[in-house]
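Engineer: Residue strings, one per chain:
4 protein chains.
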Amino acid sequence: MISTSRPASRATRTLSKGGEPSSTDRMLSLIAAAMDKAGVMTETIRLVDFDIKPGVTSDEGDGDEWPGIRQKILDADILVFGSPIWMEQPDSISKRVLERMDAFFDETDDQGRMVSYGKVAAVAVVGNEDGAHHVSAELYQGLNDVGFTLAPNAVSYWVGEAMGSTNFVDLPKVPEAVQKAVDILARNTVHLAKLTKDNPFPGEK
Amino acid sequence: MISTSRPASRATRTLSKGGEPSSTDRMLSLIAAAMDKAGVMTETIRLVDFDIKPGVTSDEGDGDEWPGIRQKILDADILVFGSPIWMEQPDSISKRVLERMDAFFDETDDQGRMVSYGKVAAVAVVGNEDGAHHVSAELYQGLNDVGFTLAPNAVSYWVGEAMGSTNFVDLPKVPEAVQKAVDILARNTVHLAKLTKDNPFPGEK
Amino acid sequence: MISTSRPASRATRTLSKGGEPSSTDRMLSLIAAAMDKAGVMTETIRLVDFDIKPGVTSDEGDGDEWPGIRQKILDADILVFGSPIWMEQPDSISKRVLERMDAFFDETDDQGRMVSYGKVAAVAVVGNEDGAHHVSAELYQGLNDVGFTLAPNAVSYWVGEAMGSTNFVDLPKVPEAVQKAVDILARNTVHLAKLTKDNPFPGEK
Amino acid sequence: MISTSRPASRATRTLSKGGEPSSTDRMLSLIAAAMDKAGVMTETIRLVDFDIKPGVTSDEGDGDEWPGIRQKILDADILVFGSPIWMEQPDSISKRVLERMDAFFDETDDQGRMVSYGKVAAVAVVGNEDGAHHVSAELYQGLNDVGFTLAPNAVSYWVGEAMGSTNFVDLPKVPEAVQKAVDILARNTVHLAKLTKDNPFPGEK
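Residue numbers (this note's numbering), protein chains in the order written: chain A, 433 to 637; chain B, 433 to 637; chain C, 433 to 637; chain D, 433 to 637.
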C-alpha cells in the first residue's frame, strides 16, 4: 500500500474564481474518491490560488509560491495533474507548472535520478468540447520528460459534443464511461506507485 | 470568382470501404455544396482507393498513384483536406499525403516559390469523439509548411461526446453550428483563393 | 502598402528579465528589419513585462494589462507572435495570450466577422533544441481559430542540435537558412496583409 | 529478470529501402545493445517491409501482415517503438501501427485488462531537424491509450540544428548525451517491465 502518512498528492488546477464550482474539480474529486477506496489519501491544490512565477529554477524568490507546491508534489507518491482545456490545448497555468518542473532535470541524486523518479503521474482533463487527448499527450510528454512514470490509461477526461457549451460540473449524473475510466486510472496508478516506491529505479552507479 | 474551368479540388480521404457511407464524405459534401453556391466546382478524391507509396519524391514509380492526385491538387485553386480522427490524431493516409507533399519544398520556380504558392487550404475533420482541433493543428502546420495559405476559421469539424460512438454520417440532421462553420469556411476560403490567385505571392527577386 | 499610420504590430514575448538579451527578441528583430524594408512599421511588446490576468473576457479588471495589448493588436494589420520553446511546447505566457484572444469568438460585427478578421499572423519560435514546428502548429491552430489569416511559410524558427544548450542570441552569425525563412515570412505576410486589408472577408449576409 | 525465452521485442520502423542504412535503425541498435547488457533479447521488425493494411481489427485479411507483427509485440514484454520524423510529426507507417493497435481496446480479459497490460513501451525518434518531442508526445498518448506503461524518460532521440540535413546514421560518433539517454531508457524500461510482469495490474473485480 501507499503509505497514508506520506499521502499521494494532486496538483489540481482550475481557473474558477472564489467558490464557483469547477468541472476540473469534479473530475479530480471522482479520482480522489476512487483512490480513497484503495487507501490513498489525497490533497487538492488549486493552482489558480497561488502566485507561481515564471522561471527556470525551483525558487524564483520574490513571493514565488511554487516552492511550497513543489514540496507537496515531492512529498507524495502520486501526482494527478488536472487541466482544463483552453483552445483545445493545456491552459497557461498547467504550462507554467510544467515549466517550473523543468528544474527537475538538474535536481538529481548521486546516481543521476531526478527527484521525481519513482513517482507516478496521471492526468484529468475536462472541457466543453474537444481537445482532451491532445492535452493528455502534451502532459504525458512533459511529465515523462521530468521523470514521472505513467500507468496504462493514465487519463480521465470528459468533453461534450463539438461546439457545445455544456460543463462537466453541470451534468446531472457522471457518465458511466467516465466513472469506469476513473476507476481504471486509480487502480492502475495506485498499483504502479506501490511497485515503483518499493522498488526504486536503478541509478547509473 | 474562381474559374470553373480551373476548378477548386478537394483531396477527400476516408477509410470507408466500397460503398459504405463515410462521415468524412458527409462533411466534405457540405463544404462542396457551400462552395458550389459561390461558383466553385469541386472534385472529391477518395485517397483510400489509391495506392500512394511511401517516399520523398513526387513519383516513387512502381505503381505509385500519387502523381495523378498531385496533379489534381496543383490544377485546383483550393485544397480541402479531409481527415478522419484516429487515436485523436490524423490518420495514416492523411500523414502519407502530407509526406508526399514534402517534395514541394524542392519544387520551386525561379523566384523560389513552391508549386503550391497561392493555393488556399482548408480542412474537414470528423470523428466519434475528441481530437478535431489537434488534427487541424497538425494539418495546418504541414500544409502551411508546404506552401498553402489559410483563411480564418479554416476547419469544419464534428466530434461527439467523450467516449461516444456516434458517427457524423448517422446524425439525423446536420447541427446548426456545423453548417455555420461550413459556410464560414467556404466563404473565407473562396474569397482568399480569388485574391491570392489574382495577386501572386512575390518571389525572392 | 500597409499604412504606416496604422502600423503592423508584433506581440513579442520572452521570459528574459530586465535588460538581458533574448533569443526570441533577436528573431523578432530580424523579422522587423525585413518588414521595414517593405515599408511596414513594427512595435514590439515584451509580454513578460505585463500583468496579463487569466480569464475569458477582454478585460478582467483589477490591474489586468491585457486590454492595452489587445488594442495594439487590433490597431495593427499584422501580428507576429513570438514564443520561446519550453518543454518543446509553447510557453505559459504565449498560452495566456491565446486564452485571452479566445474572447474574439464573441466579438463579431453584424456580419459575424471577428475583430481579428483580415489580420495576418506569423510566428517566431526559438529554443535550444527541438520543438519549433510543434509550437508553430499550436499557434497556427489557436490564431486561425480566433480569426487570423496565415500566409504560406508563416514561421521563422531556430533550434540547435538535440540536447544542446546554445542560444540563438549567442550565435555569432545568423544562419543563412534562418535569414531566408525570415525574408520569405516577411514577403508573404506583408503581401497577404495588404490583400486582406484592401479586400475584407465577406460577412454572412 | 525478463525471460530471454520470452524476449522483449521492438517494432522498428523505417522508410529506408533495401539495404540502405537507416538512422532509426542506428538508434534502435543502441537501445538493443543497452538492453542486451541487462539480459534482454531483442528483435527488430522493419515495418516498411510489411504490408500492414488500414483497418480497425487485428486481422484485415487479404494479405494483411499485421497479425504476425501483433503477435510478436504480444509475445514480448517491452515494445521499443521507433519512428523517423516527417513534417515534424510521426510518419505514416507509425500512425498505421498505432491505428491497428486501436483494436486492443476490445481485446480484454475477463477482468477488463487489455492484451497489452503489463507491457512497457519506449520510443526512439530520429530526424534531420526538429520534432522529436512532439513525436514522442503523440506516441506516448497512443501507446498509453492502448494499454502500455511508460517508464520515466522513455524516449531516445536525435535531431540536428534547425533546417539542417545531417543524418544520425552519418554522425562519426554517437553524441555522449544520446548514449546517456539510451542508457537511462534501457535501465528504466527494463526495471519497470520486470516489475509489471511479476506484479500484474489488477482487474476490475
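Hint data in this document are derived by calculation from the structure and do not stem from the laboratory.
None of the values given here were measured: they were computed from a predicted structure.
There could be a bad hint or two in this list.
To be verified - Straight-line Cα separation of at most 30 Å, DSBU-like style, residue types lysine-lysine; simulated pairs:
id : chain 1 : residue 1 : chain 2 : residue 2
1  : B       : K485      : D       : K469
2  : C       : K626      : B       : K626
3  : C       : K637      : B       : K469
4  : D       : K469      : A       : K612
5  : B       : K612      : C       : K637
6  : B       : K612      : B       : K629
7  : B       : K637      : B       : K469
8  : A       : K629      : D       : K629
9  : A       : K469      : D       : K626
10 : C       : K504      : C       : K612
11 : D       : K469      : D       : K504
12 : D       : K637      : D       : K504
13 : A       : K637      : D       : K629
14 : B       : K637      : C       : K637
15 : C       : K629      : B       : K637
16 : C       : K626      : B       : K612
Engineer: Take the hints in turn and mark each one as holding or not.
Structural biologist: So, going through the hints one by one against the coordinates:
For the given pair, B:K485 sits about 38 Å from D:K469 by alpha-carbon distance, which is inconsistent with the 30 Å threshold. The hinted pair formed by C:K626 and B:K626 meets the criterion: a straight-line CA distance of about 14 Å does not exceed 30 Å. Straight-line distance between C-alpha atoms of C:K637 and B:K469 comes to about 13 Å, which keeps the hinted pair within the 30 Å bound. As the CA atoms of D:K469 and A:K612 are separated by approximately 40 Å, the hinted pair breaks the 30 Å bound.
A threshold of 30 Å between alpha carbons decides the hint, and for B:K612 with C:K637 the separation of about 12 Å falls inside it, so the pair holds. Between the alpha carbons of B:K612 and B:K629 the distance comes to roughly 26 Å, so the proposed pair stays at or under 30 Å and holds. Straight-line distance between C-alpha atoms of B:K637 and B:K469 comes to about 38 Å, which puts the hinted pair past the 30 Å bound. Distance hint between A:K629 and D:K629 is fulfilled; the C-alpha atoms sit about 16 Å from each other, no more than 30 Å.
For the proposed pair A:K469 and D:K626, the alpha carbon gap of about 27 Å is at most 30 Å, so the pair holds. This hinted pair checks out: C:K504 and C:K612 have alpha carbons roughly 28 Å apart, not beyond 30 Å. As the CA atoms of D:K469 and D:K504 are separated by approximately 22 Å, the hinted pair is consistent with the 30 Å bound. Taking the CA atoms of D:K637 and D:K504, the gap is near 29 Å; set against the 30 Å cutoff, the hint holds.
With a C-alpha separation of about 25 Å, the suggested pairing of A:K637 with D:K629 holds against the 30 Å cut-off. Of the pairs offered as hints, the one joining B:K637 and C:K637 is violated, with about 41 Å between alpha carbons and a cut-off of 30 Å exceeded. Between C:K629 and B:K637 the alpha-carbon distance is near 24 Å, which keeps this suggested pair within the 30 Å criterion. With a C-alpha separation of about 27 Å, the suggested pairing of C:K626 with B:K612 holds against the 30 Å cut-off.
Of the hints listed earlier, those the structure fails to meet are numbers 1, 4, 7, 14, in rising order.
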